[in-house]
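Peer 1: Those protein sequence lines, which keep their order, are chains P and R.
Following our numbering, the numbering of the first sequence begins with 1 at its first residue and continues without gaps.
Following our numbering, the numbering of the second sequence begins with 1 at its first residue and continues without gaps.
Be aware that a few hints might be false.
No distinction is drawn between identical chains; accordingly, a pair holds when it is met within one copy or between any pair of copies.
Okay, derived cross-link-like pairs now, DSBU-like style, lysine-lysine, Cα gap no bigger than 30 Å in a straight line [unchecked claim]:
{"#": "1", "residue 1": "Lys137", "residue 2": "Lys186"}
{"#": "2", "residue 1": "Lys248", "residue 2": "Lys187"}
{"#": "3", "residue 1": "Lys153", "residue 2": "Lys203"}
{"#": "4", "residue 1": "Lys248", "residue 2": "Lys137"}
{"#": "5", "residue 1": "Lys153", "residue 2": "Lys211"}
{"#": "6", "residue 1": "Lys122", "residue 2": "Lys327"}
{"#": "7", "residue 1": "Lys320", "residue 2": "Lys22"}
{"#": "8", "residue 1": "Lys186", "residue 2": "Lys302"}
{"#": "9", "residue 1": "Lys248", "residue 2": "Lys203"}
{"#": "10", "residue 1": "Lys137", "residue 2": "Lys302"}
{"#": "11", "residue 1": "Lys216", "residue 2": "Lys47"}
{"#": "12", "residue 1": "Lys162", "residue 2": "Lys22"}
Since the hints were made in silico from the structure, they are not lab data.
The lines below spell out each chain.
Number of protein chains: 2
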Amino acid sequence: MADHRTEISSLGEFGLIEHLTKNIELRNASTIVGVGDDAAVIDHFGKQTVITTDLLIENIHFDLIYTPLKHLGYKSVVVNLSDVYAMNATPTQITMSLGISNRFSLEALDEFYEGVYAACEKYSIDLVGGDTSSSQKGFIISVTAIGEVEPDKFVQRSTAKKGDLLCCSGDLGAAYIGLVFLEREKKIFLENPNIRPDLEGEKYVIGRMLKPEARKDIVEFFEKAQIVPTSMMDISDGLSSEILHICKQSHLGVVLYEEKIPIAEETRNAAFKFELDPTMSAMNGGEDYELIFTVAQSDYDKLVLNEQISVIGYMTESEKGKKIYTKGGNQFDIIAQGWNSLK
Amino acid sequence: MADHRTEISSLGEFGLIEHLTKNIELRNASTIVGVGDDAAVIDHFGKQTVITTDLLIENIHFDLIYTPLKHLGYKSVVVNLSDVYAMNATPTQITMSLGISNRFSLEALDEFYEGVYAACEKYSIDLVGGDTSSSQKGFIISVTAIGEVEPDKFVQRSTAKKGDLLCCSGDLGAAYIGLVFLEREKKIFLENPNIRPDLEGEKYVIGRMLKPEARKDIVEFFEKAQIVPTSMMDISDGLSSEILHICKQSHLGVVLYEEKIPIAEETRNAAFKFELDPTMSAMNGGEDYELIFTVAQSDYDKLVLNEQISVIGYMTESEKGKKIYTKGGNQFDIIAQGWNSLK
Numbered sequence: 001m002a003d004h005r006t007e008i009s010s011l012g013e014f015g016l017i018e019h020l021t022k023n024i025e026l027r028n029a030s031t032i033v034g035v036g037d038d039a040a041v042i043d044h045f046g047k048q049t050v051i052t053t054d055l056l057i058e059n060i061h062f063d064l065i066y067t068p069l070k071h072l073g074y075k076s077v078v079v080n081l082s083d084v085y086a087m088n089a090t091p092t093q094i095t096m097s098l099g100i101s102n103r104f105s106l107e108a109l110d111e112f113y114e115g116v117y118a119a120c121e122k123y124s125i126d127l128v129g130g131d132t133s134s135s136q137k138g139f140i141i142s143v144t145a146i147g148e149v150e151p152d153k154f155v156q157r158s159t160a161k162k163g164d165l166l167c168c169s170g171d172l173g174a175a176y177i178g179l180v181f182l183e184r185e186k187k188i189f190l191e192n193p194n195i196r197p198d199l200e201g202e203k204y205v206i207g208r209m210l211k212p213e214a215r216k217d218i219v220e221f222f223e224k225a226q227i228v229p230t231s232m233m234d235i236s237d238g239l240s241s242e243i244l245h246i247c248k249q250s251h252l253g254v255v256l257y258e259e260k261i262p263i264a265e266e267t268r269n270a271a272f273k274f275e276l277d278p279t280m281s282a283m284n285g286g287e288d289y290e291l292i293f294t295v296a297q298s299d300y301d302k303l304v305l306n307e308q309i310s311v312i313g314y315m316t317e318s319e320k321g322k323k324i325y326t327k328g329g330n331q332f333d334i335i336a337q338g339w340n341s342l343k
Numbered sequence: 001m002a003d004h005r006t007e008i009s010s011l012g013e014f015g016l017i018e019h020l021t022k023n024i025e026l027r028n029a030s031t032i033v034g035v036g037d038d039a040a041v042i043d044h045f046g047k048q049t050v051i052t053t054d055l056l057i058e059n060i061h062f063d064l065i066y067t068p069l070k071h072l073g074y075k076s077v078v079v080n081l082s083d084v085y086a087m088n089a090t091p092t093q094i095t096m097s098l099g100i101s102n103r104f105s106l107e108a109l110d111e112f113y114e115g116v117y118a119a120c121e122k123y124s125i126d127l128v129g130g131d132t133s134s135s136q137k138g139f140i141i142s143v144t145a146i147g148e149v150e151p152d153k154f155v156q157r158s159t160a161k162k163g164d165l166l167c168c169s170g171d172l173g174a175a176y177i178g179l180v181f182l183e184r185e186k187k188i189f190l191e192n193p194n195i196r197p198d199l200e201g202e203k204y205v206i207g208r209m210l211k212p213e214a215r216k217d218i219v220e221f222f223e224k225a226q227i228v229p230t231s232m233m234d235i236s237d238g239l240s241s242e243i244l245h246i247c248k249q250s251h252l253g254v255v256l257y258e259e260k261i262p263i264a265e266e267t268r269n270a271a272f273k274f275e276l277d278p279t280m281s282a283m284n285g286g287e288d289y290e291l292i293f294t295v296a297q298s299d300y301d302k303l304v305l306n307e308q309i310s311v312i313g314y315m316t317e318s319e320k321g322k323k324i325y326t327k328g329g330n331q332f333d334i335i336a337q338g339w340n341s342l343k
């Protein structure tokens, strides 16, 4: 954080908004009016508009003790974009509302926005509006993302078919292991502030937790390979929870192979160190922001060479249940034990 | 509030979402996919999409001691719709994200949503998505509204012209007087919980505070009368603040006539009782959610017969400043003293 501290209240609400938005560059031709009016105007002739929103609350969704503000700004945007890609759509605009406690300086807020703008640049997104107010307790972030998709190309959760292949992108379980590591370091730090955490060894899992990316590349690959998944969603609550959503909404069962679940070497090593089961981290950990999707078997040839995609199972009729076949040769019902933010 | 108390945590996040969304009816043909997926899909062929968002935080934007939850749900929607109408657009969809503290029962949340759905019904809006999580401290509401407008019919704040008439809808200052009254009653109640507040006499100003309406009718009137305002915004921070926004963004000055500012008889009476200046309430009070707009002088004949519209001044060149001409014959600079939520 920068050394100089400017009280946010010294700018006033409108001064603050001007300060935060003065460097915005618009990247999409569809953005007709951006920030600075009652509402943004977006032109979507011939496309369908996709919209999604997330609310992030301090100490529920993030912990500022180990979350750099720039990463938090970046992640706040990315988790919303991930939902747009999960519709097979392209995100184009976001709005960002903040509730800011007065322990935040302007410099701290600038750091947060650095991350926001970095994500906007990386994903070619326009920030088109928002709302800023004070918060007595903690930092509150609300992001809404808008995207566009060709009519009839959007992909829902409810449209998987029996026999479809179940696939996921990237690798799973890392973000949860990263969280466990950060929580452990936090505890050590709070007990003895002189011990500096050694984060080097766990860079991969920590990075996956603090600075996730949305799978733009996978949606672009679908376009190029002429694949339209039969269903899709992003993995925010854990593989189990998301598979059960697809099954429930598509009225299907599933067979999932434990050995096919992609888990990075770094994740396995870190899990081993913390005496955690890497499969359980993938199934119930969440926050990986990978895509889970189903495709027709006839699309198998089109995606088999993409190393970022794993086929992990297939859809069955509902009566066959939702099963995981373990490496040891057993089969169990898939149960969602994902993190419930309401408990 | 209902007698029975169901803990929200007993439903889990997805159970809660199902419970809250099970009765949603879609009203707009443009709503292709509503709640229940990663994102909503909205079809806007041949129209431009307008988007706006607001974040409402307990004890910053509302006080649950005197705000019925149903009214709060209603108002949360209406204040966003007001921003869409202020673009001369028609709102069509909203998303609603909530951070809920565990002192809320399911019944309390249902009451809140009753108000949300009442507003959706009244304004023909589809609720198409959201996000629900717990909040350790206080109730947090984030609403995003989407609307549509014919290309080139949207109205910004920056496009007023010199000589244009400055107009506003309805009457002003009531919501602020209502707030003062409610704050006074709260203080009396906290000092002596046996004294029941007598709200009957101030029904009008209290109603304007707790259950505002957005001026759909004015935007419909513009369409019918073939008026396109040259600039427009809604009055959320107070007349002074909004006039200064239009002047700044349009690079103009203004002359405002105090005697032309519309103030209801009930507001004057209540202001008198509380020893408040009704003009100051209109200028600096805020939360009236009326529209302020400018029109070409040639449109005067088209709107003069509409009793819901008052001509309150006219736009001048920037060098002439921003002036209010008082009833007493003086002139002063208009200064924004509106409520600053960041102080």
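Peer 1: All the hints need checking, so say for each whether the structure fits it.
Peer 2: Taking the hints in turn, this is what the structure says about them:
1. Lys137 with Lys186: Answer is both; intra-copy 21 Å and inter-copy 22 Å each pass.
2. Lys248 with Lys187: Intra 39 Å, inter 51 Å, cutoff 30 Å: neither.
3. Lys153 with Lys203: Cα proximity of lysine 153 and lysine 203: none, with 37 Å in one copy and 52 Å across.
4. Lys248 with Lys137: Neither, since 38 Å and 34 Å both go past 30 Å.
5. Lys153 with Lys211: This pair counts as within: shortest intra-copy Cα distance 29 Å, inter-copy 41 Å.
6. Lys122 with Lys327: Cα proximity of lysine 122 and lysine 327: none, with 39 Å in one copy and 56 Å across.
7. Lys320 with Lys22: Cα proximity of lysine 320 and lysine 22: across copies only (27 Å, versus 57 Å in one copy).
8. Lys186 with Lys302: Intra 45 Å, inter 67 Å, cutoff 30 Å: neither.
9. Lys248 with Lys203: neither (36 Å within a copy, 49 Å between copies)
10. Lys137 with Lys302: For lysine 137 and lysine 302, the Cα distance exceeds 30 Å both inside one copy (51 Å) and across copies (50 Å).
11. Lys216 with Lys47: Both: 18 Å inside a chain and 27 Å across chains, each within 30 Å.
12. Lys162 with Lys22: between (51 Å within a copy, 26 Å between copies)
Figure legend: structure checked against the earlier numbered hints; hints not met, in rising order: 2, 3, 4, 6, 8, 9, 10.
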